[in-house]
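Colleague: Residue strings, one per chain:
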Amino acid sequence: MSELVRSYLTVAIFAAAAVGLVGLLLGISRILRPQRPSVSKQMAYESGVDPEGGDWAQSQIRYYVFAVLFVIFDVEAVFIFPWAVRLEVYGLFGLIEMFIFIAILALGLGYAWRKGVLRWV
Amino acid sequence: MELAMLAFERPAIDWHAFAPELVLLAVGSILTLIDIVYNERARRVMPALAAVGLLATLVPVLTLAVDGADRSMFDGAFVVDDMALTLKALFLISGFVVVLLSVDYIRDGDYHENEYYSLLLASLLGMVLIASSRDLITMFIALELLSIPAYMLAAWRKGGATSNEAGLKYYLMGVFASAIMLYGMSLIFGVSGSTQFDAIRVALDTGGDSAPMVTLGILFVLVGFGFKVSAVPFHTWAPDVYEGSPTPITAFLAVAAKAAGFVALLQLVFVAFSGRYDVVEPFFWIMAALTMTVGNLMALRQTNIVRMLAYSGVAQGGFMLAPFAVAGQATDSAIQAIVTYLIIYAFMNLGAFAVVLAVAKKTRSGEISSYAGLFSYAPGLAVAMTVFMAALAGIPPAGGWVAKLLVWRALLDASSVQGTVLAVVVAFNAVLAFSYYAKVLREMWMSDAPDGDTSPVSVSGTLTLALGLTVLATLAFGVFPQLAARFGDFSASFAL
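If you read the sequences in order, they're chains A and B.
Read in my numbering, the first sequence has 120 at position 120, and its numbers run on one by one without any break.
Read in my numbering, the second sequence has 1217 at position 217, and its numbers run on one by one without any break.
To be clear, the hints were calculated from the coordinates, so they are not data collected in a lab.
Keep in mind it's a predicted model, so treat the numbers as computed, not measured.
Note that the Cβ used here is the ideal one computed from N, Cα and C, for glycine as well.
Be aware that a few hints might be false.
As the list claims (entries may be wrong) - Where chain A lies over chain B, by a calculated footprint (3+ residues, C-beta under 8 Å):
| # | stretch |
| --- | --- |
| 1 | 1029 to 1035 |
| 2 | 1277 to 1290 |
To be verified - Derived, one-sided and incomplete: chain B residues facing chain A with beta-carbon distance under 10 Å:
| # | residue |
| --- | --- |
| 3 | PHE1008 |
| 4 | VAL1059 |
| 5 | GLU1115 |
| 6 | PRO1212 |
| 7 | VAL1214 |
| 8 | THR1215 |
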């Protein structure tokens, strides 16, 4: 049983350290900082301009498609760069392997194209 | 650096061992390709193609099972043995039943159909892969492959606020769990210097100096999977996600995704962490006892059938976690109990969701009270639901009792105080669970139909097939317990 207590003591110490660290950092800054609140300090920060209107506003969503599409090319690049550097060593096997990989990714791009995602609306 | 060191040696690939994954990948790609070429015109054939694809994937699983040899690839990161094959077959059959459940629901709801089935197949590919993974990285990739499509499927009822909530909640909790798990994996990798389960086992056995690190690493990984299998206190997402998701996806998450979490736990606990049962056992003891009790107590208060099944699923997960608490003391019977429970749970729970789908078509309601008088106008559905409720409660001859018995035997096999106490908790919970399953039975058999509306329920062909399959399997496991026990006996798989 003492073995059990010892191995789980680590967990307790770890949890205490995690909570303690947050408390310590917040606590110290609370003690050290001066507190003189004023109206303009309490305002939401908008790059120095007084905020206007509510905090619920519509924003342009059409860029998210590009963010999602970017992932296809990002993943491709991550694997293609190291592969290209060592292509001579991998030989024909590596070439075929990479083309299968690109084909699967191309399927994703083809899908996006077909569904009209690439058109700017 | 010498050039010889840089030489590349092509890894030996056993195509036969890899065939199930490759077939499933090919089917998924073909579905996407058809979607690209024919777009909306392909809607009607998609479910049939997905179902045929899943059955086609079962073929290499069967040929591998007939062949019988254990296969191992990539330095042991990918292993095909009897247990992996049984679980792969379980995932594929569950996926097949989910496709059957989806056909009408997705078509009538006018949701995107083409993507639905390709995402379902992608998620199943992750599950089939996780059954073979004996390596931290392979396991993590398989887990993400099965989770990410599931996040989207949970939000498939785009117009409904609850479905969006389900998708977002599932995604956030899933990512949070993955982060915790990765932290644990990094600690374990730091101590053992390997991502491979066999190497980790050896390293953890001897790594005396870094014992605190090992404990933390193991616990973080297990907590991460605790989220995935919705064990208390990491279960809070489950009821909301289950209620908000489209019902076929609820069935998919409650059965296949949960089973995948347990499969990963099986491999981690009995292979990678098998030298550190002293850390693993108390953790699972507490989680199992909490999960069962809290799940059952919450299920008692539910008035919505899907929420009730969600909490009942949490509680059933507790029964499956219980054998892990005696992982070291009764290893063989614990593995057998967990795998058998997974198999039987899949069929009885899928069946219960099939009935929920069929009834909801007429009543348009998920309230338990809407089941009043079901027997008077849909006797077939009422009898099927009775079988599933009896199975979930553990009443013979429906399948569930075998599973509970095996869990109990594993706990008593341990012949230790902890094991026996947990067995008592299990028994207490089995009785507690009966009361809410019986509530559904009482409504169906004793009450009168609301407003005297006894027009029959129209059950489509695919739903009938799904119901037939699940009823048959649930009863078969109950009447021939040796059948389930045979599938669950894999002590040899982990012979170390």
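Colleague: List in ascending order the numbers of the hints, as given earlier, that are violated by the structure.
Modeller: 4
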